[in-house]
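J.: With chain C's structure known, arrange chain U on it following the hints.
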Amino acid sequence: MTTRDDIRDDLPLYALGTLEAEERAAVEQALAEDPSLAAELREWSELVGLLALDAPDAAPPEVRDRLVARVRSDQPADKVARRRLGWHVPLAAAAALLLSILAYREIGFRAERTRNVQTLAALQKALTARESELATANASLATVERDAASLRAALAAAEESLSVVQQRGLTLVSLKETKDSPPAQGHILLSPPTGRALFYAFGLPKVPDDKVYELWWITEKDGPVRAAIFHPDEHGLGRVEAAVPESAGAIQAAAVTVEVAGGVDKPQGPMVLLGNAS
Amino acid sequence: MSRAAITNVLDTDHLVAALRARDERALTQLYDRYGSAIYGLALRVTGDAGAAEEISIDTFWQLWQHVDRFDGTQGSLQNWLFTIARSRAIDRVRARIARKRTTAEDPTEVNEVRRPEETAELVERRRLVRDAMSSLSADQRTALNLAYYEGLSHSQIAERLQEPLGTVKTRIRQAMIALRRTLGPLLSMP
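Going line by line, the protein sequences match chains C and U.
Going letter by letter, the first sequence gives residues 2 to 279 in our numbering.
Going letter by letter, the second sequence gives residues 26 to 215 in our numbering.
In case anyone wonders, no lab produced these hints; they're calculated from the structure.
If you're wondering where the values come from, they're calculated on a predicted model, not measured in any experiment.
Backbone N, C-alpha and C define an ideal beta-carbon position, used for all residues, glycine too.
Distance windows between CB atoms, simulated:
hint: 1; chain 1: U; residue 1: Pro210; chain 2: C; residue 2: Asp7; range: 27 to 33 Å
hint: 2; chain 1: U; residue 1: Ser160; chain 2: C; residue 2: Thr3; range: 30 to 36 Å
hint: 3; chain 1: C; residue 1: Asp75; chain 2: U; residue 2: Gly191; range: 48 to 54 Å
hint: 4; chain 1: C; residue 1: Glu63; chain 2: U; residue 2: Arg47; range: 20 to 26 Å
hint: 5; chain 1: U; residue 1: Pro210; chain 2: C; residue 2: Asp75; range: 35 to 41 Å
hint: 6; chain 1: C; residue 1: Arg111; chain 2: U; residue 2: Arg45; range: 49 to 55 Å
hint: 7; chain 1: C; residue 1: Asp35; chain 2: U; residue 2: Ser159; range: 32 to 38 Å
hint: 8; chain 1: U; residue 1: Asp164; chain 2: C; residue 2: Asp10; range: 17 to 23 Å
hint: 9; chain 1: U; residue 1: Ala120; chain 2: C; residue 2: Thr120; range: 54 to 60 Å
hint: 10; chain 1: C; residue 1: Glu113; chain 2: U; residue 2: Ala120; range: 47 to 53 Å
hint: 11; chain 1: U; residue 1: Asp164; chain 2: C; residue 2: Asp75; range: 46 to 52 Å
hint: 12; chain 1: C; residue 1: Pro36; chain 2: U; residue 2: Ser160; range: 29 to 35 Å
Here are a few chain C residues that sit away from chain U, every Cβ distance over 12 Å (derived from the structure):
hint: 13; residue: Asp35
hint: 14; residue: Phe110
hint: 15; residue: Arg114
hint: 16; residue: Ser133
hint: 17; residue: Ala154
hint: 18; residue: Leu156
hint: 19; residue: Val165
hint: 20; residue: Lys207
hint: 21; residue: Asp211
hint: 22; residue: Lys212
hint: 23; residue: Asp223
hint: 24; residue: Phe231
hint: 25; residue: Val241
hint: 26; residue: Val245
hint: 27; residue: Met272
Coverage of chain C stretches by chain U, computed from C-beta distances (three or more under 8 Å per stretch; other residues unrestricted):
hint: 28; segment: 18 to 24
hint: 29; segment: 45 to 56
hint: 30; segment: 63 to 72
Extracted from the complex, chain C is given alone in its bound form (with noise of 0.2 Å):
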């Protein structure tokens, strides 16, 4: 049976840890019991701590160096490394590490350049493609608008025309070529209430680029009377609204001459067409 003296005799050895582990749970299970035997154990454990003093060697002045590093920089144990550095190991990696962020910054900044220059070249194209369908539109737009114009001049003429139609007193004179001239007819809606006429020709070959188609009044007292001049299209349709006078007295007749580019105050050119208004 382990008496206390027995445990006393073997504080020490616990203290020092050389005790088998038999004899260390007898030694844990007195010192559970009996509470002044860890005052004593106290004092054989510190008398352990003192042997560390025993060994003399010094500790490098980097192991401080180290020991503040990492508590500065607060690095698990693991992180810490296994073997004596001296200066130029740290050094050289702080300079690695430099170089690397540097040299990571010039590469990032090439690659962004890159990107860049590419991305410029991208919206220059796009612009140049956007310009491109900006001037077919632009060129379609023109076109549409040349329609429009072109639509709505022929539908001012048609209202124009309606417009002269829908009178009263509406008088229509017929014009046929004459006997020297190529075939040709015409016709002549006139509205005396509005002083205003219509005049179609169908069959006119065209003339010179100095010779024009002049449309004249034959009236009772004035004879002839300029009406209007007219350009008939490739299809030798000829149209042109005229004004009818109002002091010439009755309209005996129309007629149409060839005369030279702007016209003439009195016919002098041959005569195409020719038709009575009675």
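T.: Quick look at chain U alone, frame taken from chain C:
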């Protein structure tokens, strides 16, 4: 307790309080005081300067991280640190048991270099401990060194020395009693 011892206790209490307040200067002061002793202990156990450095740093790192675990009523801070360092050093040696050990023998050459920051009091303690160890018989010292620096049990020491188990226990016990008699005045100091 001497005036120097009382001053040291108060100073240690102050440093521990500063450590708990995460004051880095307290840690470096304690390192300056005990760092070389811990390094020497670790070097003596492991026989490896790199391992000794790492153990030294880890010991103070343990103090820095877990100072709240230190209870001044259960022992001195010095002993707490030495216990940590010794335990880690022995664990390291055990981890590489194939390595040839030389720590059982007395040191053939004593390096008297010390850090200038070490206190005169600690230097005096070193001298007293060394003198006390020198006063032991060679057999006692060998057995004690095997126990302390290699962490061997009685049976392992007996096997190593080819001595009876009882003889080994007696030698170590007598060595400890002799040391206590010689170093008793230091035991009340932190």
